[in-house]
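Visitor: One letter stands for each residue in the lines below.
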Amino acid sequence: MSISKDIEKVELPVTILQPAKGLGALNLRDLWLYRELIYFMTWRNLKVRYKQTLLGASWAVLRPFMTMVVFSIFFGDLAQVPSDGIPYPIFAFAALVPWGLFSDAVSLAGRSLVQNRHMITKIYFPRVILPLSSILAGLVDFLIAFVVLGGMMVYYKIPPAVYVWTLPLFLLLALITSTGVGLWLAALNVQYRDVNYITPFLTQFWLFVTPIAYPASMVPSKWQLIYSLNPMAGVVEGFRWALLGTEQGAPGSRLIVSSLVAIVLLVTGLVYFKRMERNFADMV
Amino acid sequence: MSEYAIRAENIGKRYRLGETLGSYSTFRESISGWLRRSPRRGNERDSKDDLWALRGLSFEVRHGEVLGIVGRNGAGKSTLLKVLSRVTEPTEGYAEIRGRVGSLLEVGTGFHPELTGRENIFLNGAILGMKKTEIAAKFDEIVDFSEVEQFIDTPVKRYSSGMYLRLAFAVAAHLEPEILVVDEVLAVGDAEFQRKCIGKMSDVAQQGRTVLFVSHNMSAILRLTQETMVIDKGRMVMRAPSAQAVDYYLSQGFSEEGSKRWEADEVPASAAPFRPRVLRVCNAQGQESNTVRSVEPCSIEIEYEIDEPITGLRVGIYLMSTRGEYIFTSFDTDEPGHYERLATRPAGRYVSRCTIPADLLNEGRYVIGMNASSFRIRRYFHDERALAFNVDAAGAPGTHWPEPRLGQVRPRLEWKIDTVEL
Chain A
274 MSISKDIEKV
284 ELPVTILQPA
294 KGLGALNLRD
304 LWLYRELIYF
314 MTWRNLKVRY
324 KQTLLGASWA
334 VLRPFMTMVV
344 FSIFFGDLAQ
354 VPSDGIPYPI
364 FAFAALVPWG
374 LFSDAVSLAG
384 RSLVQNRHMI
394 TKIYFPRVIL
404 PLSSILAGLV
414 DFLIAFVVLG
424 GMMVYYKIPP
434 AVYVWTLPLF
444 LLLALITSTG
454 VGLWLAALNV
464 QYRDVNYITP
474 FLTQFWLFVT
484 PIAYPASMVP
494 SKWQLIYSLN
504 PMAGVVEGFR
514 WALLGTEQGA
524 PGSRLIVSSL
534 VAIVLLVTGL
544 VYFKRMERNF
554 ADMV
Chain B
32 MSEYAIRAEN
42 IGKRYRLGET
52 LGSYSTFRES
62 ISGWLRRSPR
72 RGNERDSKDD
82 LWALRGLSFE
92 VRHGEVLGIV
102 GRNGAGKSTL
112 LKVLSRVTEP
122 TEGYAEIRGR
132 VGSLLEVGTG
142 FHPELTGREN
152 IFLNGAILGM
162 KKTEIAAKFD
172 EIVDFSEVEQ
182 FIDTPVKRYS
192 SGMYLRLAFA
202 VAAHLEPEIL
212 VVDEVLAVGD
222 AEFQRKCIGK
232 MSDVAQQGRT
242 VLFVSHNMSA
252 ILRLTQETMV
262 IDKGRMVMRA
272 PSAQAVDYYL
282 SQGFSEEGSK
292 RWEADEVPAS
302 AAPFRPRVLR
312 VCNAQGQESN
322 TVRSVEPCSI
332 EIEYEIDEPI
342 TGLRVGIYLM
352 STRGEYIFTS
362 FDTDEPGHYE
372 RLATRPAGRY
382 VSRCTIPADL
392 LNEGRYVIGM
402 NASSFRIRRY
412 FHDERALAFN
422 VDAAGAPGTH
432 WPEPRLGQVR
442 PRLEWKIDTV
452 EL
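Going down the list, the sequences are from chains A and B.
Numbering-wise, the first sequence is residues 274 to 557 according to my numbering.
Numbering-wise, the second sequence is residues 32 to 453 according to my numbering.
No lab work stands behind these hints, which were simulated from the structure alone.
Take these hints with a grain of salt, some might be off.
Selected chain B positions facing chain A (in silico; Cβ < 7 Å) [said to hold, decoys possible]:
1. ALA126
2. GLY141
3. GLU145
4. LYS163
Computed cross-link-like contacts, DSS-like style, restricted to lysine-lysine with a CA-CA straight-line distance of at most 30 Å [as the list claims (entries may be wrong)]:
5. B:LYS188 x A:LYS324
6. A:LYS320 x B:LYS162
7. B:LYS162 x A:LYS395
8. B:LYS163 x A:LYS395
9. A:LYS395 x B:LYS231
10. A:LYS324 x A:LYS395
11. B:LYS188 x B:LYS169
12. A:LYS320 x B:LYS163
13. B:LYS162 x B:LYS231
14. B:LYS169 x B:LYS264
15. B:LYS188 x B:LYS231
16. A:LYS395 x B:LYS169
17. A:LYS320 x A:LYS395
18. B:LYS169 x B:LYS227
Cβ atoms here follow ideal geometry from the backbone N, Cα and C, with glycine treated the same way.
All chains should be modelled from the sequences, with the hints used to inform the complete structure.
Guide: Right under this line is the structure:
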């Protein structure tokens, strides 16, 4: 038969099955082989997200926008929270856009494995694709909201700051942080469903320790270093600095701390995820 | 290059019962678990909570070989397939797999109800490991095979279950892996669908690809495979040419017990002086077995004791389908000769044994009821559903057609085919 001859000719990929040892299990080759699946899962998450909703993708804008309105009324007008010399609404919105990326990524990635357990128990693919693709899908919401942010800057006649070219770096920092936290929660959720209850609380708490409704300058200087342990603080401040040119100046040394923490989160998240991965199908 | 598609050495898979059975664990449970476990940390391995679903499995599968895997429920067949298709990692051992592993039990994995048929084909293909270009090239073929072209742009949540299954199967069937894994036990769907699965499998096998076929259907195993592996309690007990392995499997009376034993407290006081002890089904070799072959005679034995002489006693069985339809009733004193000889049965221990002839029962599951009575005088003991057993049709008339035969009996009738001159 011709096909069997083809099989002889083609060099077949060899898969080795054995108990994984140490950290050698990261297996980037497989991730590369399955790169199209990352694309397809991201695309699926996008397609499905706003199905059967009245407002569709406008939710990507509406959610941060409505939060901004509430913040502007309560913190901006009533509580008179200072906003580094920028109109409060855009001060809040510039922070809510990257924050939305983070909080969506964390809650979606955290649930991604458990929600797709029928796939995990039936078929092999690099499991990390599930949290990754839910984070990537959130990026599209981010871009939509970002366009609105641009519109607001035009409305308030705020020109982009000189350092606007650094913005992708802060976006990258946000993605690294989201992925790190998302991987931790996703892997923990397989074994401990407590994660489902902790996540909303965690994001709410995190919202308050991030300078979204208030400027980071309100934090007493002796707490600044501890404060910058929160990578999202670096992201949010960086966004304001790069876009709106707040008087804070470059976040400097605090940004380095934020970035280090983000990288530690990502690396430990990956290691923990990979360590647990082999048992996902048995536990989920 | 090596001629082996799969080479496994000493594969083992351990499950922690506590972890897997209680599917939801919480922080609190595991914290208290650590506290309890810590004093005996040294002998943590192989504690009594461990279950080895597979142990010490070594085998090789050549390229193009069709290997059957049989074993009773819980023997480890499905775990083996899961390990080989990389769903779960072995706890110990080593295996080498050459080529892509595809499986017909992953039908519809990752299908999303909100997406259209077209979108799901691409998504599902990607999940099964196909490249986008590969899917695009086979797209028309897949749609043709699934017979849903009219609805290809409709969300699959509006599909009937049959359409859904056809589409899902079409994608899986066009994956063309080098190694195909089929778990018939898990295959969902109607008989038609299962036929399609088996048909696809023979195609694949004829193309010279490697197939692993797990089934409880011995005739399918015999028809489709050359060699068969018998697994029991996670270990390989035999690997041989299929005919030999199937014979071994059936004659070993694997699967559950082929007998029903009545303990003293299970027998109502009203049965006295009759005391049933054991009812058992034996295969042609005389061994107790839960599965017997249609083409061989089998026997049913009733063991009982009588404490006082009983007049006119008859001890017998009902044979029923699992749905409760009676197939026949038979008593040990149906023969007038026996009846006259045992008009009054003296006290003692007895075995009444009958033989069910070869080529009588169709494949399926049957229930035996038991009755001990004296006609029009008294019913001593009665158990409507004492024991169930299976009949396997391997080798029975007509098994070269992969179809279920209607009816409870499957006699070997003598057919004559004459040409009629016009």
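Visitor: Taking the earlier hints as the rules, which of them does this structure contradict?
Guide: Number 14 - this is the single hint that the structure violates.
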